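K.L.:
Starting from the known structure of chain A, fit chains B and C onto it as the hints suggest.
Protein chains in written order, with the numbering used here: chain A, 1 to 179; chain B, 1 to 352; chain C, 1 to 381.
To be clear, the hints were calculated from the coordinates, so they are not data collected in a lab. The model shown is predicted, which means the values in this text are computed figures rather than measured ones. Treat the hints with care, since some could be wrong.
[Unchecked claim] Simulated crosslink set (SDA-like; lysine to any residue; CA at most 20 Å straight-line):
id, chain 1, residue 1, chain 2, residue 2
1, C, K16, A, P9
2, A, K93, C, Q122
3, C, K17, A, K173
4, C, K170, C, A314
5, A, K93, C, N120
6, A, K173, C, Q14
7, A, K173, C, P246
8, C, K187, A, I83
9, C, K380, C, K187
10, C, K187, A, P97
11, C, K17, A, V87
12, C, K187, A, T85
13, B, K260, C, D45
14, B, K260, C, K17
15, C, K17, C, K177
16, B, K260, C, S150
17, B, K260, C, S102
18, A, K173, C, G151
19, B, K260, C, G76
20, A, K93, C, R129
21, C, K17, C, P172
22, A, K173, C, D245
23, C, K17, A, Y90
24, A, K173, C, G243
25, C, K185, A, K93
26, B, K260, B, A148
27, C, K16, A, M10
28, A, K173, C, D45
29, B, K260, C, I147
30, A, K173, C, E148
31, B, K260, C, E271
32, C, K16, A, K173
33, C, K17, A, P9
34, C, K17, A, M10
35, A, K173, C, Q122
36, C, K380, B, L224
[To be verified] Output of the computed footprint for chain A on chain B, the stretches with three or more beta carbons under 8 Å from beta carbons of chain A:
id, region
37, 26 to 39
38, 93 to 99
39, 327 to 335
We put the CB at the ideal spot given by N, CA and C, even for glycine.
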Amino acid sequence: MSPEPDREPMSDLVSLTYVEELTPNLERFADALLTGHLVGEQCPTCSRIYVPGKGYCPMDVTLTSEADEVEVKDTGFISGYTIITPVQYYGQKETEPFVLASIALDGADNTLVQQSIVGVPHDAVHNGLRVQARWRPQHERNVEGISNRGGTGLDGVIFGFQPTGEPDEPAAKCRERLF
Amino acid sequence: MAASDIAIVATAQFPSVRRSIYSEVQLLIPTVSAALEAIGVDRSAIGFTCAGSCDYLTGGPFAFVTNLEATRAWPPIAESHVEMDGAWALYEAWVRLQHGDIDLALVMGSGKSSPSRPAEVWPQQLDPYYLAPLGLDPVSYAGLQARALLESGKATERDFAEVVARSRRSAQGNLNAQVRGDVDVDALLAEPYYASPLRKHDLPPISDGAAAVVLARGDRARDLVERPAWIRGLDHRIDPHQPGMRDLTTSASTTLAARKAGYDGGPLDAAEISAIFSPQELILAESLGLPDGTVINPSGGPLCANPIMSTGLVRIIEAADRIMSGDASRTLAHATNGQGLQHNLVCLLEGA
Amino acid sequence: MPQRCAVIGVGQTQHKKIRSDVSIVGLVREAAQRALDDAECTWSDIDALVIGKAPDAFEGIVQPELFLADALGAAGKPMLRVHTAGSVGGSTFIVASHLIESGIHERVLAVAWEKQSEGNAQWGLSGGRSGGSGAGGTFAPWMRAYIEDSGAPEHIGWMVATKDRLNALKNPYAHLKLADISIEKVKDSPLLWDPIRFLESCPSSDGAGAAVLTNEAGTRKSSKPPAWVTATAVRSELGVFPGRDPVRVQAGVDCAHDVYRQAGIANPRDEIDVAELYVPFSWYEPMWLEGHDIAGPGEGWRMVESGTTAIGGAFPVNPSGGVLSSNPIGASGLLRFIEAAQQVRGQAGDHQVDGARTALAQAYGGAAQYFAMGIFRDRKD
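This is chain A alone, in the form it adopts within the complex:
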């Protein structure tokens, strides 16, 4: 085949609009966030606590509701993390390396994934680090990052999770709550 001149693709931006209400479980989660609280649901079958509540327990497929709501403290530890060098894709706002961490909340059985860590340089972030949420001032909070599509972006209500200064959790405990 003879060499072809390089072709520049034409861009056709496809823009689709999705509008929906948060599911009841996420609605309750978002309302509580605005008042500075973390709530989830406890499964009546196995007693596991999920934050945010999912409206069901995936381990038993038992449906859960407001009757199963529990509050948990905003403390926990880093069970997994990475430092991401941002790729510039459409909509990307990050330009500098940033940390995404999995936070094992003390009162929950699931893990909060892709959370920001503040108050510690990147090279000091490590598994086992005990942290607590650093909340934004109440009047500045928004829950736009909460979505039915798996977004539990808490950036609108907290700056991130910051170290508490307590001793680290042991590696084994981190390993069982990695994701």
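P.N.:
Coordinates of chains B and C only, in the frame set by chain A:
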């Protein structure tokens, strides 16, 4: 082995609504549970699961992954997913069961159309180089098909209205339907055009819904229910995509799929067909070779509930339920994929 | 009794960052036509098609197989579209094999593709949001956990990255041709998802793969050796749940044991001659070796370090260069199955493993929760 060895033994639908407060997986969980409870089977007994859904309805890449949580996939399960209506997930599960090593398969279909705008999403289903940039929305596409049908002389606008009136009347007996009522054909014809020659009532409703089916093989089916709905034939065929490359007034792929599924044009107790727009019912009835007087869409059909990605599966469910209840001994179900009836599936069900 | 299934033709595209010389149509036809030619048959000989690709949001098209029907000679035939995230290329092959084994069809064309340059896969992998983790960011903490669990030295990842790119130099279809690749170069490349570096990560590719599957009678019509499908299996598990181990994934263990059982394999390390495993980030090679019980706990990285998984070693992994060298996401799983088939057909050219008679193919996807695996042999039993 005999392909006719596989039957539908349980079904469930989440009633279609215009806008559900629940997420897709929250619709699926009680639906799947209901189907399994009907036959006293636990999720752990299922040998293979297949789901049908469309990421673009949920509005995100990998959206289908969350639906796995309706299956309680722990410990790990054998499952798969098609970016198609649940009717094709049923097809895949039916194929899988023929291997003979497992007895039970679970099929799911789900979709919420409420969060998005059909006129924005579905043009993206067309050829991205030549058609999508024209912004051809699904209603206009159906309108072009309806116009071609009128000009062919094969149908009239009154025929369209009669399909709508009959469908809505039938849906009065269907708790899962979204639109139902007693409407007068002349009153329908007096309504203004929405996208000529289609009137608003010629369009399906926008629906959120989910459905589930359990398939069983051979003796297992006989052990589970008194009257399994045996799948006597199941086939699907696709037509060319470009609307200019086929006769929109007929559905060649439906005719072929019906023949390959073993439907000979004989009497049926009911036919549940995926006529998404009213004119399509006339096209499909002819293409299937349904005898005059066949009861079509006793459920009300897609004109009364259109939970996209389970609409086709619901047709199979409605056709199967009538056999399992003893009300019918031979029914046919049809599902469609793509626009203007591009891709079609036919399922022939028998009671014995 | 199920019919036996065999591969009698494969095809793939020249994988590249941007295939500006073809549209999506041209891309899939290139692979499909090559598969048909290899199978010595024509479009009209195909009874059914199974298409697979990754999320349609990557290219901004809904169900693109619908418009590809025309280009793939599908009119009048059944067409299925499989979508199981990254494992899709593998599950596409497996769905196609079921159509043969059930006796429903005699010749099925499986096609999987991705034209990432005509979309925005990074956006898609980041959930369409700013600050997303992408695939690498999701897997990085798990690779870190493997490194800590196993005590593996840091150079193992660099060795895998180097090995696969050197293998790719022998694969005419591979995207990355890094003739000057070295462990030093990998080590010095920038960090992308700590601890994973740029040169330890897969490229973004445009590419497609295709395979023609047939039954035993069909193999007799072909003049070339078939690759017999001895075993296939899929397994999925919840991606997120309390107590999940995303490093040694149970679904991956179960899937592997299913294919080994079907193939009568008691000792995979000894009885499998070559493996094409989905390794998009270097550390996944030792992780899958252990995750599929080819190596014992903590032994996967030793297989890498000792050169066992090199193309001339006792258990070559990814002689094609693997996903680290070409990653059109929707196609990558099928490419693993195609490459494994080519090995037992003796048709892998410069990256042929001598005497390969039993080959393992594996694809995974989602949050390392979907698995599709297959075993090919050069003989029917």
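K.L.:
Has the given pair, B:K260 with C:G76, been kept, meaning a C-alpha gap of at most 20 Å?
P.N.:
Holds. B:K260 to C:G76 sits at ~11 Å (cutoff 20 Å).
K.L.:
Taking a Cβ-to-Cβ distance below 8 Å as contact, does the region 93 to 99 of chain B have at least three residues touching chain A?
P.N.:
Violated - the region 93 to 99 of chain B has 0 residues with a Cβ nearer than 8 Å to chain A, which falls short of three.
K.L.:
For the pair supplied as a hint, A:K173 and C:E148, is the alpha-carbon distance within the 20 Å limit?
P.N.:
It holds: about 14 Å lies between the C-alpha atoms, which stays within 20 Å.
K.L.:
Are the Cα positions of A:K93 and C:N120 separated by 20 Å at most?
P.N.:
holds (15 Å)
K.L.:
With the threshold set at 20 Å, check whether the alpha-carbon distance from A:K173 to C:D45 stays at or below it.
P.N.:
violated (58 Å)
K.L.:
Tell me if the straight-line CA distance from C:K17 to A:P9 falls inside 20 Å.
P.N.:
Holds: C:K17 and A:P9 sit about 13 Å apart, inside 20 Å.
K.L.:
Counting residues of the region 26 to 39 of chain B that have a beta-carbon nearer than 8 Å to any beta-carbon of chain A, does the count reach 3?
P.N.:
holds (count 5)
K.L.:
Holds or violated: C:K16 and A:P9, Cα atoms, limit 20 Å.
P.N.:
OK: C:K16 and A:P9 at ~15 Å, within 20 Å.
K.L.:
Next pair to validate is C:K380 with C:K187; report whether the Cα-Cα distance is within 20 Å.
P.N.:
Violated: C:K380 and C:K187 sit about 44 Å apart, past 20 Å.
K.L.:
What's the verdict on C:K16 and A:M10, does the C-alpha distance respect the 20 Å limit or exceed it?
P.N.:
holds (19 Å)
K.L.:
Would the pair C:K17 and A:V87 pass a check requiring their Cα atoms to be no farther apart than 20 Å?
P.N.:
holds (16 Å)
K.L.:
Given the hinted pair C:K17 and C:P172, is their Cα-Cα distance within 20 Å?
P.N.:
It holds: about 15 Å lies between the C-alpha atoms, which stays within 20 Å.
Comparing the model with each numbered hint stated earlier shows that hints 3, 6, 9, 14, 16, 25, 26, 28, 29, 31, 32, 35, 36, 38 and 39 do not hold.
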